[in-house]
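Each of the two chains sits in its own frame; use the hints to bring them together as a complex.
Residue numbers (my numbering), protein chains in the order written: chain A, 1 to 257; chain B, 1001 to 1341.
Heads up, a few of these hints could be off.
[What the hints assert, rightly or not] Under the rule of at most 27 Å between Cα atoms (straight-line distance), these lysine-lysine pairs were calculated in the DSS-like manner: (1) B/K1002 <-> A/K110; (2) A/K216 <-> A/K27; (3) A/K214 <-> A/K3; (4) A/K110 <-> B/K1242; (5) B/K1184 <-> B/K1121; (6) A/K134 <-> B/K1002; (7) A/K36 <-> A/K216; (8) A/K134 <-> A/K110; (9) A/K179 <-> A/K134.
[As the list claims (entries may be wrong)] Coverage of chain A stretches by chain B, computed from C-beta distances (three or more under 8 Å per stretch; other residues unrestricted): (10) 47 to 61; (11) 78 to 91; (12) 105 to 113.
It should be emphasised that the hints constitute simulated quantities derived from the structure, not laboratory data.
We treat Cβ as the ideally placed atom computed from N, Cα and C, and that holds for glycine.
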Amino acid sequence: MLKLDHISLGYGQNPDILHDISMEIRKSEMLAVIGKNGAGKTTLIRGLTGLMPLRGGRITFDGEDLSVMSVRERARLISVVPQAASLPAGYTVFETVSHGRTPYLNWYGKLSDNDQQIIERAIRVTGLENLSTKEVSALSGGEQQRVILARALAQNAPVMILDEPTSSLDIHYQVRLLKLEQEICHSEGIAAVFIIHDLNLAARFADRIAILDKGKIAAIGEPREVLREDLLSAVYDIPVRVLDDPEEGLIIIPRII
Amino acid sequence: MKYSARLIAIIMIVCLAVTIIFSILFGSVPISAAEVLTVLGCRLGNKPVPANLRSTDTILFMLRIPRMLMMCLAGAALAGSGACYQGLFRNPLADPYLIGVSSGAGLGAIIAMSIPWQYSKLSAFMVPLFAFVFAIITVFLVFNLGRMGGYLNITGLLLAGTAVNAFASALSSVWILISGLEIKRSFSWMLGGGGIAGWDRILFTAPLILIGITGQLRYAYPLNILQFGDDQAIQLGIPVNKVRIRLIIYATLTTSAAIACTGVIGFVGLIVPHLLRILTGSDYRSLIPLSFAGGALMLSLSDLLARVLLAPQEIPVGVITAVTGAPFFLWILNRSSQAKV
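Chain B on its own, in the form it takes in the complex (with noise of 0.2 Å):
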């Protein structure tokens, strides 16, 4: 049974909501509501903040918010590449981490990261530039690689995507390695640490992602299209190779940007646009706003879940992403095989 696009987007909005308040009174230290709307009443209405609850801003708009705005965007940008993915390859299977792209947008971050840029506002803007290019050099990689006979299939998707994820990820070890990167911090980071999130990046990235996220919308309907085949695409109209190109570039600069800020972090893509998917049907014109929606939700949730189980300790992201989504593959993957019987 389909639901209603418009039913699920409320629902969704409203979890995030709360989900977003969770995200900054909860964390190693533990903020009370009283706190968080005096300290917002001193910012608004431009007053000093009381000495006592001077420590409380700085958790608040050095520390919670932006990084709980850096998950809302990442996670938004991850599940609309994800959605524009599996279009594009019409493969279930096509999440930006699945195929390659994230860990590709990854090992650029890190050369980026470990380039002493003159200006650390440079370094903020270099890094989601290579994490872009190498992001793009690795989808072409793969769609290229894993063509079999002409014809992009499952099994030679995930073939090129397994063999160009583990190539990327062995070098960004590598470069970690002689690059004289802080090794924990690094190898965090390509876990989805997050923890680097602060209002530089933010503004250095979002309209990277708000660019992509639009670009994804414009094509959302030659995206419907192109289920078809690109033979009877191209018979109904659509330019097929241009809308291919411009959607590959859109998706690839969100997760770029995305990955630059929060690390490489997996199966969101293929989690959302899927269960939305089953939940709202096929139509990419509601899928890809869904998806950010969702996105958004998912990951700034699993940030919420990776500060507090462990608190005072912290989880890497990327880590309760995949303990979730890995299952989650499991079962699309015996779905699909299924499907074919």
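Extracted from the complex, chain A is given alone in its bound form (with noise of 0.2 Å):
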């Protein structure tokens, strides 16, 4: 589906921040990127998303090369909920969920009926219902996300992004966001590339985990075959015990020293 072929990202005349990465995103599939900071995560979303031109390599979807691909058809294609995402003030969540059929609408944006339902839809698979006449700049951290991702599923596109969309929620919303993620990821044949933080969160939703160190590609692989003790202390440069639980599965767990 989505493809990544040796490509490499920097800023400037600095060295490459990535350098030579290949990977492949497949349909309905939860790709987890996790890696220390300045690791190249968020690097690697301004390449996918085209906020930042390729040094090297190329990014194809189904063999079409997105550089040859105009904001728009891009955006038709990849959607992006981002870290922190600002939100102006004056904006009700019905009119901010329906921006995301911007790639879709004429010079006006002027919805159709067609545009209507899928931002409906969007609405409710998010839970939001109750809350789409509401200004989206008076709703909580989590309820603010639950909108960008409503956006986000309003673009339709058949990959999304999302920007460590946990950082700023409590345990319950992050659980609650990740589980609503991956059953529109399974039900809608979407993929979706997470950047994470918390990596038992990424051991539990994510259905391959890719490691990043170095601006390289350390592993990438189902939750089991990367989240290894060895890997994991010597990507974050600390002692990390990872322990396999019967009913919880992996359990990941720093060791202070």
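Below, the structure is given as structure tokens:
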């Protein structure tokens, strides 16, 4: 589906932040990207979403090169749930979610009946029906994050990228949001790439995990293949224990020394 | 509480119609409604105007009607541009006057006025052209100077705007003194004189203003999405740079065309969009057209007051908008700082 072929990314004249990255993102899968601060996770997202030009390599969707597509065409393929999105005052939940339809609308932004149905469905799936006329800026952090998820869902793109979607949420909303995202991915056939710092949540919700280290992929595979004590300890530069609980699955604990 | 955009539009159009009628009837020479109707009837019926109403005819068709039309056009242009600049800079204080665009346009217009063009019609065209070129230079200067650490905040914008404003105004004054332009008339123009509106100028500037406001309407929806920041706008499919550059050109074109005719008038672009945003919300698809109507209303009303308050003496209309606008500006500033606390 979405294929990264030997891509390199960097800022200005500085050396590459990500170098020679290759991986494939598959339909209906949740791919978690983990790694230390500064490993290049956010740069990867910026490259994938077209905010940063590639220094080398190419990204293709079903064989088509993303770099030759217009911003609008690209937005029909990849939707984004940004980290701590800035939400200006004055827009209701419905209006904000409707902005997800932008890549399909005419110059005036007129919504068709089909657009209305897609927006209403995104609002329903994310459980925002009772809030649709409320101003987004007046909502709680968890509710705002769901609004942004609904907007990305209304974008109807086959790939959704989530940049630390749980960073500002308490554990209740962290689990709720990722569970919702998992259900959406599996039922709608959407591929989700999400950056996350909480390794336990990654272990629980990801179908595959990619570990970034010093601008390269240190490992990629199913959680049990990559969440190993030796690998995590080396990548995070701290001793890590991985327990396999029969009920909870993998539990990752950093050791305090 | 928000009101429907349609309701506010109807109220403003009714108020504008009343203001237009008053603008035609009142002035240093009072004209009765019966006289206006007689003259209009003669003009529309292509009949000669009676001898006792010839001076009324001249006052109406050479002075009051073109001036009223110019004020409506300029008000619409300044308020629409104000709404656009506020959206582009994502800042409620970005008014063409406060960010220095008006002074830049004023400097360009003063320079063009001082050049002895061979034909007077050429002058009517060159004044808005010079105003536009200088205004575009100013907006790029303010945009780049105001960015502190790559981010355009209120402080940076106002500091850069104030500096560029002062610089352009000072250059305009020096130019007036050394170029031999009539000093009293020129300074009155810099304060928003409005007295030089004639049919020639309207015919040259109206198309520029109409092109500008059509362009602003064309990009009103992308401007909504730009409020979420560049990254989110790109991710939602908006070609941010293209939209921003075109909107800057359209907003600056309308501002400079208006300034070229009426002189430097401030605060219309600040007050009107801001009040309308409070009343009807932030959707630029309704905010921009409402600002056109609101701007026309505010400037034609200010011009009426400028002509009748100290009649037969006339106050520059820019003074009236400044007297009402400056306290309003302080109110917004106070409101913004309280919102941050």
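Going down the list of hints, with the structure as the test:
no., hint, verdict
1, B/K1002 <-> A/K110, "holds, 21 Å"
2, A/K216 <-> A/K27, "holds, 23 Å"
3, A/K214 <-> A/K3, "holds, 21 Å"
4, A/K110 <-> B/K1242, "holds, 21 Å"
5, B/K1184 <-> B/K1121, "holds, 23 Å"
6, A/K134 <-> B/K1002, "holds, 13 Å"
7, A/K36 <-> A/K216, "holds, 12 Å"
8, A/K134 <-> A/K110, "holds, 21 Å"
9, A/K179 <-> A/K134, "holds, 25 Å"
10, 47 to 61, "holds (count 3)"
11, 78 to 91, "holds (count 11)"
12, 105 to 113, "holds (count 4)"
The structure fails none of the hints (numbered hints given earlier).
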